[in-house]
Each structure stands twice: as structure tokens, then as C-alpha cells.
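Chemist: Below are the chains, spelled out letter by letter.
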Amino acid sequence: MLASVGGKQRGNAPDIAFGAFLILLAVVALWETRALAIGNAADMGPGYVPRALAWIIMGFGLAFVTSGLRATHRSLPRFDLRSFLMVLLSLAVFALLLPKGGLALATFATLACSTFAVSDYRWRESLIFSLVLTAFTVLLFVNGLGLPLAVWPRW
Amino acid sequence: MNLVENLALGFSTALSLQNLFFCFLGVIIGTLVGVLPGISPLNTTAMLLPFTFGLPPASAMIMLAGIFYGAQYGGSTTAILVNVPGETSAVVTCLDGYQMARQGRAGPALAIAAVASFFAGTVATIVIAVLSAPLAALAMKFTAPEYFSLLVMGLIAAVVLAHGSPFKAIAMVLMGILVGLVGIDVNSGKPRLTFGIPDIADGMDFVPVVVGLFGIGEVIANLGTPQDRSILAGKIKNLMPTWPDLKAAFPAMVRGTCVGTMLGILPGGGAALPPFAAYALEKKVSRHPERFGTGVIEGVASPEAANNAGAQTSFIPLLTMGIPTNPLMALMIGALMIQGIQPGPSVIREQPALYWGVVASMWIGNLMLVVINLPLVGMWASLLRVPYRLLFPAIILFCCIGAYASSNSVFSVWLMLGWGALGYFFNKIGVQPAPMVLGFVLGPLLEENFRRAMLLSGGDPAVFLQRPISATLLAVAAVLLVVLIFPAIRQKREKALQE
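In the order they appear, the protein sequences are chains A and B. All the letters of the first sequence, read from the start, carry residue numbers 1 to 155 under this note's numbering. All the letters of the second sequence, read from the start, carry residue numbers 156 to 654 under this note's numbering.
Everything labelled a hint here was simulated from the structure, so no lab data went into it. Any given hint could be a false lead.
Looking from chain A toward chain B, a few residues come up when the C-beta cut is under 7 Å (computed) [unchecked claim]:
id, residue
1, I57
2, M58
3, T115
Predicted model, so just to flag it, every value in this text is computed and none were measured. Yeah, the Cβ is synthetic: ideal placement off N, Cα and C, and Gly gets one too.
Turn these sequences into a full structure, and let the hints guide you.
Modeler: What follows is the structure, encoded as C-alpha cells:
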């Protein structure tokens, strides 16, 4: 959990991270909208509101970073890298396999992949569960709800 | 049309076989996700949203509403039996509900929770029916400046009532508005913030953003925190509360309903705040406040009533003005828009069958919850034995299919992936993503009304203060901001939210 360490160290890492994120967001938004007309208050161009927002967000970001630097120390909580990567990977597998591989393959691969996001997985249980859920998914979404999806791979 | 006629129309819509079925389906799915910790009604609704496209609007809304209040109800079952809140709104129910269960009184606790929910649901339905027509009539008078001020007030109220740092919440609202502006600008036809990606030229799709932030982000966060569940062994018997139980619970139920109804209407109130406020009130009025937390029945009845009343009255701003008070209502707006209905004050007049049908279905749904779920409580309890390691792959899969189905394109799955990563980041640094979703949904409306108002006034921002309704709304927003900034009041607020 977010335990504060206290003592002489300074810097609230979560706040600084949030501030840095906001600054990055603002910079990206300002860069993307650089070519849009701003107009004036009576007749606003497409760039007026987004750019104004981006500057305000920039202000918030700077405020969080400066106040975070001066606050008492608080370290970033541990990122659970294994779960994070495996969950995102299983989403990517679904997106990559669905168009050509069909729903059945994509579903099974996603389930199998996500299983490894935890360390206490059990081979047999997961395999049976994934197979049953794949069958259920195909029946529910293609046969039941009529999603326009190919079930089997098209090579 | 008067109230009775309206309700009669509503019941005739809601009682059609098809709508009864979807109401039933909604409350069952809602209870299911409510019971299971780790799946929120928000991501369930987001997941199921694409599948309601093919339904008639009334059926779609009835089912989605059923999921919402079904989940509030299911969350308390888990709270009482396992001491884990199935939903955030059930946190308070854990305090006394679980203690009652440990004393062998799980049955009466569950029954009182159900009865309190039903009572609150009935009152809230009547409040919605009475208040909505005049409110919609008032909202019909709104023009661009009033709408802008109303939106500003709603967003600020949401920030004041949110958990955690209000300044972070404001920053998240602003970020949400910015993300909401992605897509082609309606006035000039120029693409904005699209980075040349054609898939987001029509705006960032709602479903992948919300499912990513809440669904995927939550799954990853849950995987990192081991969950221990000690389910009460043995069967739950004698559901009937005793006579002293009922006598103690009834006034608490009434008080809880009042608190919930009022807080639910406020923007930002929704379902999370009312139970906390109701529990605090119960402790204040009780003659033996020290006994709270040891399994007193008032401690279950009042927050449960407040919870359900709040969940239902939070539909009022949505249905009468088209303003969502919490992220789930924002999803409902999404559902209505996909159905081709612009949420706002005109819905009640142009779609009376839809409007009153949804209102009537709320009462029917609450009745179903009591009648169906109390006998099924054993089944819900056994569901809690499904370990999370089996549950989460299924959640991930349904998120994928939901995202894909929302646009029939795998681009949405990639978009969800990105927002999921961001959701985990927010979770880790302790920032609530909910205000962002409100900003995201309201952003386009906010900008449009702001630009229109400024155009009509010739660029003079005083227009927002010259119109009485708009000025009042902004004054309320200003008062809320002062409340937020003054440290003394802020401390009190934090205390109230923690209690």
C-alpha cells in the first residue's frame, strides 16, 4: 500500500508522477492543435477551447510537481509488472488474432494468455476452464446475440 | 397528463413481456456482478452496452438500469457474508452486516437489507415521478448560458463530493473534457487532437475508454492485491427478522431513504456517498452510538436504504436535463445517444412511454430483487467461492468482446489497451478516474454551449452572470468551490467521507 516513509527525504512521488503526466498531456495537446485557428472570444475557432484547456492542465501539472517536490517523502507503490504485461498482452493477442484467426482461436488464446498473469495458475483447471468458456462465448455471442464474427480461422 | 396517467403509461410499457424479461435479466446480471467483488456495475454496463444497440430504447434502458440497482443490492450480500464490499457503495454495510452474520444473524441482516432497499426504491420511484415533470419544464427554459452554468455546477459538485484530493479531481475533469474534444469540430469541420488517426475522427469511442479505465485497470490492480475471503460456513437459515429488529430498523430505513434521495439528486452524489452519510446520521441520532460496528440492525438498514434511494434518484438529473451525476449515468447517456435519443428535458415529452416505462420498471425491478433474490441467497453465496484466478480471464475476455462489438473494429481493443494501462497508472498513484469520465462525456456539450453563449453575447463573459438562472447556478458552484478551498471545512468533509 501507499505507506509514507517520512523522515528527512522529500518528494511525494505519486503527486510528482501525476503532475508530470499532466504536463506531458498538455504538451502533446498543444503540439497537436498548433495549426488550428484560435479565433477570439466572440467567434471561437476550433483551437480556442482545446488550447485554453491544455494551458490550464499545464498549470495544474506544474503545481502538482512543485508541491510534490516540497511535500514529505512518499515513494511510488510497487508496479505489478507481471500482471500488467500479461493482461495487456492478452488484449493484444485478441486484437491481433480476431480479424484472421476467428473468434474461437482469439478467445482461447486470450484466456490462455491471461491465465499467466497470476503466479498461482493451475494447468489443468485453466485449460478446461478456457475450453468451456470458449465454447460458451462462441455460442452466446455468435449464435445467441448474432455478432457478425467469423468463428474459425480463414487462411 | 397527470401523475396517475403517466405512471399508468409507464407500467403498461414496463409490464410488456419483453420489457419484463429485460428488467429481470438486468437485475440478475446486476446482482451477479454486485455479488462478485472485482467486477463493478460500471464495467459490466460498459461491456454490455454494445449488445443493447439492437434492442428498442426502452428495453435497453430498463435492462441497464436493472444492472445498476441490482448491483447495489448484490454488493451488500457480499458485504454481509464475506466482509468484502462487492461494490464501493457497500463498504458501510460491512461494518454491522458482517458482525450480524458472525453472530449467526446473517439471515435477518440480508432480509433487512432487501426490505430496506425495496422500501427506499419505492419512495425513490415516487420522488422521481413527482419531481421529473416540473424539473424538465424548468430545464426547457434553459438556453446556452444556463446549460453551460449547469454543467459547470454539476462538474464542481462532482469534484467536491468525490473521494481523494479535490485538486486532482479537477485536473481529471479537465483532462476528460480535453479527451472529449477529440474528433472533428462541428463548427469548423477541422479534426482536432486526432493525430491523423481516422478511427478517432468521429471522437474517441466511449466504450473502450471506460472499459479500459475501469475494467482492465481494475483487473490489473486486483491481481496485485491478494484477496482473502472467508465465507461463512453453513447454511443461512431463518431469514425472518424478529419484531424488535423491525422496530429498530424501520425508522433507520426512513432516515436512510431521505438522506439517499437528497444526495442522489445532487450531481456527483450517486451511489457512493449516501451510505456513508446515512451511517453517520444513524450514529448521531442513536441513543447508543457506541454499539455501532458490533452488529446493530440500524447500521444495516439505514445505509442500505440510502444506497438504493441514491442509486435511483441519481437518474433524475439524467432523465430531466441530460446531465449525468456519476460515471454510470454517463454510460446511460451513451446508451441513449447510440439509440438516437438526445438526453435532455425534451425526452419526457417526446418519448413519454420510454421515460415513464423506465421509471415504472425501477419499482418492478426492486420488487423482483426482493422476491427472487432472498430465496436465491444460497446460490449467490456459493458463487463467492469461485476464485478470482478463474474470474479475471473471463472479465478480460468480455471486455475485449465488448470493446470490439462497440464499433466492429479491433481498433477499439487497442484503444482499450491504452486506456487500461492508463487506468492502472491512475490506480497506482491514487487518482480516481471517475471525474475524468464525467468530463469526457460532458466536454463536447460544455464547449458547444460555451461557444454558443459567447457568440450570442458578442464575446462578453458577463452573459453568464446577467441571466438569473445561470447566475444562481454559478453562485452555487462558487460556494462549493469555497467549501473546497477553505481548509477547515475541507477537514470536516474528509472526516465525513471517512466515517
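Chemist: The structure should be examined with respect to each hint, and the outcome stated for every one.
Modeler: Quick rundown of the hints versus the structure:
1. I57: holds (5 Å)
2. M58: violated (10 Å)
3. T115: Given a least distance of 6 Å, the restraint on T115 of chain A holds.
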